[in-house]
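Since chain A is already given, all that's left is putting chains B and C on it; use the hints.
Protein chains in written order, with the numbering used here: chain A, 41 to 361; chain B, 536 to 1056; chain C, 271 to 641.
Treat the hints with care, as some may be off.
Some but not every residue of chain C turned toward chain B, in silico, with C-beta under 10 angstroms [said to hold, decoys possible]:
id	residue
1	Trp-491
2	Ala-501
3	Ala-512
4	His-513
5	Gly-516
6	Ile-517
Simulated from the structure, these hints should not be mistaken for lab results.
Bear in mind that the values here come from a model prediction, so they are computed numbers and not experimental data.
Backbone N, C-alpha and C fix where the C-beta goes; we use that ideal spot for every residue, glycine too.
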Amino acid sequence: MDELLIGSVLASTLRVTTPLLLCALAGLLSERSGVIDIGLEGKMLFAAFAAAAAASVGHSTALGLAAAIGVACALSLLHGFACVSHKGDQVITGVALNMVAAGLTVVLGIAWFAQGGQTPPVGPEVRLTSLSGAYAEPVAGNWFASVIGHGLLSHNALVYLAFFLVAAVWFFLEHTKPGLRLRAVGENPAMVDAAGVSVPRLRYAALLMNGVLCGLAGSYLTLAQNASFSPNMTAGRGFIALAAMIFGKWKPVPTLLACLLFGFLDAVAIRLQGVAIPGIGEVPVQLIQALPYILTVVLLAGFIGQAMAPQALGRPYVKER
Amino acid sequence: MSEISSGTAVPSAVTPAVRLAGISKRFGAVQANRGVEFEIAPGTVHGLVGENGAGKSTLMAILYGYYQADAGHIEVQGQRVQIANSHQAIALGIGMVHQHFMLVDTLSCLDNVMLGAEPAFFLARAKREVRAKLEALMRDTGLHVHLDALVADLPVGELQRLEILKALYRGARILILDEPTAVLTPQETQQLFETLRRLRALGTTIILITHKLKEVMALCDAVTVMRAGQVIKTCDIRDTSPEDLAEAMVGRKVNLGRSGGAAEGRDERLSVNGLCLKSEQGVALLSDVSLSLRAGEIVGVAGVSGNGQSELLELLSGMRAPDAGRMSLGGASFEAARWLEPRGARALKLAHVPEDRHACGMVMSFPAWETAVLGYHDQAQYRCGPGGLTMNEGHMRAQTAEMMERFDVRPRNAELGSSKFSGGNQQKLVLAREIGQAPAVLLVGQPTRGVDIGAIEFIHGQLRALRDAGCAVLLVSSELDEILALADRVLVMNGGRITGELPIDQCDEKSLGLLMAAQAD
Amino acid sequence: MSQPVQLPRWMDIGLLPLWNLAVALAVAGLVVLVIGQSPAQALTVLLNGALGSTRGLGYTLYYATTFIFTGLAVAVAFHGGLFNIGGEGQATVGGIGVGLTALWLSPHLPAPLMLPVLVLAAALFGMAWAAIPAYLQAWRGSHIVITTIMFNFLASSLNVYLLVNLLRPKGSMAVESSMFADSARMPALHELAARLGFELPSSPLNLSLVLALAACVFVWWFLWKSRAGYALRAVGSAPKAAHYAGIRPRMQVLVAMGLSGALAGMVGINEISGVQGKLTLDFVAGAGFTGIAVSLMGRNHPVGIVLASLLFGVLYQGGVEVSFEIPGFSREMVVTVQGLIVLFAGAMAMVSAPLFGRLYLLFKSKEAAHG
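Next up, chain A with everything else stripped away, as it sits in the complex (with noise of 0.2 angstroms):
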């Protein structure tokens, strides 16, 4: 097959991935511990708002970095206040805090720079580029330059801490303390608390996690893939990533790969236009794009194996006694 076309492929796949993965592993955290999120689409966006704005005013990747971190987890925590503190309704804080971004964004947008809802570029040398510099395009005729060189070395860093933050996340889980008492107290509160540990201060953890992948999320949009924020650039980005979580069962590494797969269809669908699959003939690229909805409600339905999701999800702890 063609070493262009599947390098540049998978250079795209992975360059698309990455805030997915960033997102589903927050969605992740979170949902284990018991509480729903699905602000996953606001907390991107604000958080690439604040990198863009932070990182083309200060100059520096530094502070976009921390100016996203710290407005999703704000976010975050306003989530837990309403719904851990207070057993408000998970799902409408959710919405609210979308609702809340997308506007407010944009509000901002044109307050400060008043261009529009844009920020200004940031900066080529405060962007994230490729770590290595080399392999920027596939070459023709050399296998290892595009598929190895372009295909996986040559993206910038946040790309490669996606990916290894899939292996700190599951370790997290399955192998520390307070990985094994998160994954409890999604299942039974109940019993956690009478174990005598702190719930919502657990969920809080989990939301403060969630928020910094949040964080990282947005600041790839606008500090890696683009140069500046424009209005409403996330574009459901935050739902396919539920999405993905969901069709990973709540665990890292299938979710992984759940990320890798709605990455790959959106790398290819703008590819595939216009081809003629042998035997389907021409796939509209609007149902390549709804693939990953599509997949979702499948595998919800329970066509693909049962979707189990953590028992207490979605539901206050309140103490018994």
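Below, chains B and C without anything else, positioned relative to chain A:
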């Protein structure tokens, strides 16, 4: 009233493991414990028996730190202690195995024991340490659990052993078990007894809350009987017998003068045969239950709550289907595969006053006039408008007013939200609704739970009147007094079976108590 | 869904929503200050733009019409114990239904026949789009919130596909269908007024408003006067009692979501038949989510929903005026206010309700002491 002896059964030379001195506890209007006083000798199995509402669970909850007593004090190993919460109880060496297990299904047994007391940050090391300790513990006690199996995959008996291990791991020297055999098969029960005997040999003190007298006789060294919040007697097991304990448990003189109506010759309204129901875990909730209801009689189902009475009501009313069995009602017959449904039951003139009026019998957010037609809202009399799609509100409201008048429901406001009525008035409304349909069969569960004295008398009168008018009434109640006051014949349920039937004039404390405590062989 | 604390009725339906609105507006005002504008000025322009002219009022009512439909949709589902977050997708598919039916039939049918057919199409298409997630929830246990979110995206993908590939007239670059024949156009109110001799400035306000109000009456009758509504409310409020009463919960899920989807689908009548006259991209523009805010504010009752829809109509129309007149403002301010309202009226309802409960008890005990 029977004599109340509070003497200890063990020579006081040995410091008791636990001493309860004058414990009293009130919840609102209910005096759950009244001057409870007894000692538990160390290294013994001490049984705590009594009917529902006797105060056993409250007492143990106080010992385990869930509640604080209003009066009196507790001594553990001779030291006076304050137990403000369960963590302090655990620190004092008191452990509790609840009826409903506190386990996380998706974690392994090892993880469940470890949670909250993990010895290290990294689980690999923590697990090694805990595993070593647990394996030693399992060797010493003979309790075996598959440490790496997921809780969701294990049978109930093994999960109970896990709960005991959890308590022992945290250093429990005094172990409280709350109705442990309620969820066990007979073989698992025997295994549990072996385990408890071994623990006793190792010096653990065991408090066994139960109502099963045969188990008490088989396992315990001493026993305390409670009734209505007070200790009736505490004695060594050698000085008593099942009959003795039963009498102490039930302990009231029955009005033997009452005789019930003769129901032979009246037509049979409802009969069930061979009803069997298993829970999801495979525990038998009902085993081979058969009964028959005739017109013009009240059949009381007595027995400690949790022995299948609730499930029986659910099956008879059509809210649940059995695994096996047959039912015939009003000329129609039903097999387990195509069981009765609530709608069909009502069509066959069966009315049902559910045990849980809050969750089942009423819709709390509805006004009284809407609750007053719950279950019958689709009848032709309540339809109006084109196509019969609209509710005939005027008629519903008028009927509700009538019901409220007849049954003295206060306040007489059909618009008032159902949740705003007092317990007694709510119950009267539900009764008015069900009785108002002039049913052929009436199923009633716990009709006077949470109801004030005046309303109790009224409700009893209504049930008698219904019986006299020819209805067949099945009365399930955990209040033995109520059954004795109303029933023509009494069925006793225990462990999912009907252990016996007595006509009312043959009921006395001994016979009833024995039936209530009897275990199927 | 969680139920709030038991407050006296006037507090629950009157005071609390107003309080939540006030807090949301106060926070919005803070935002306005932060971006260096004057909240007073913004508010004046907003109210003027929405209510100060007949034209503005026309626009406000036109927006309110759409919000009434989506608000009713959320309310009906809520009374059935479900959270319908899929109003956006159901409205889109309702519009697709209107578009397809109009393109197919409008050249052949006169308006008095065409318009009712369109209403039916909008309702049926919206209902179908809601029925699939409903079926999956009731029979297969799939969480309805997630499935309806997915279906929102599927609806817009479907719309794009139809427009780009099937409905776009040949040679046209615009992503929209061809115009419908006049018989498929909901008459605009200013045109009707002209025929009756009144002079009204032109605005998108059309006969759909009457349809929306009729839908309110229908929903009120359905929920509280009909036997079907009784069963639906029982399942939504007390599923165990409903089971005891012989009501089948699965059917009720279908009924609740079906009716909800049909109501959301009616947005297609207002937008596609009333205003656009052709099927376009993104004609719902977030109205499905506004419906959630409207229903929360309106306490899930048709009367409250009408009032809340008017409020949001004012916000939207006023917001457009503000974004024209005051540099530095954009329409997204309205989205922010909407989000704040959902946050305080919905998510944080449990924060203020106990506070009010305690204030009320305090007030009552003081009264008892003095009285």
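Please check whether C:Trp-491 passes as an interface residue: C-beta within 10 angstroms of a C-beta belonging to chain B. Because about 8 angstroms separates C:Trp-491 from the closest Cβ in chain B, which is inside the 10 angstroms limit, the hint holds.
Should the hint that C:Gly-516 touches chain B count as held when the rule is a Cβ pair under 10 angstroms? 3 angstroms, holds
Minimum beta-carbon distance criterion (10 angstroms), C:Ile-517 to chain B: It holds, given that the least Cβ distance between C:Ile-517 and chain B is near 9 angstroms, below 10 angstroms.
Given C:Ala-501 as an interface hint, is its Cβ closer than 10 angstroms to any Cβ of chain B? 7 angstroms, holds
Once the shortest beta carbon distance from C:Ala-512 to chain B is found, is it less than 10 angstroms? 8 angstroms, holds
Hint validity - C:His-513 Cβ closer than 10 angstroms to any chain B Cβ: 6 angstroms, holds
Every hint from the earlier list agrees with this structure, and none is contradicted.
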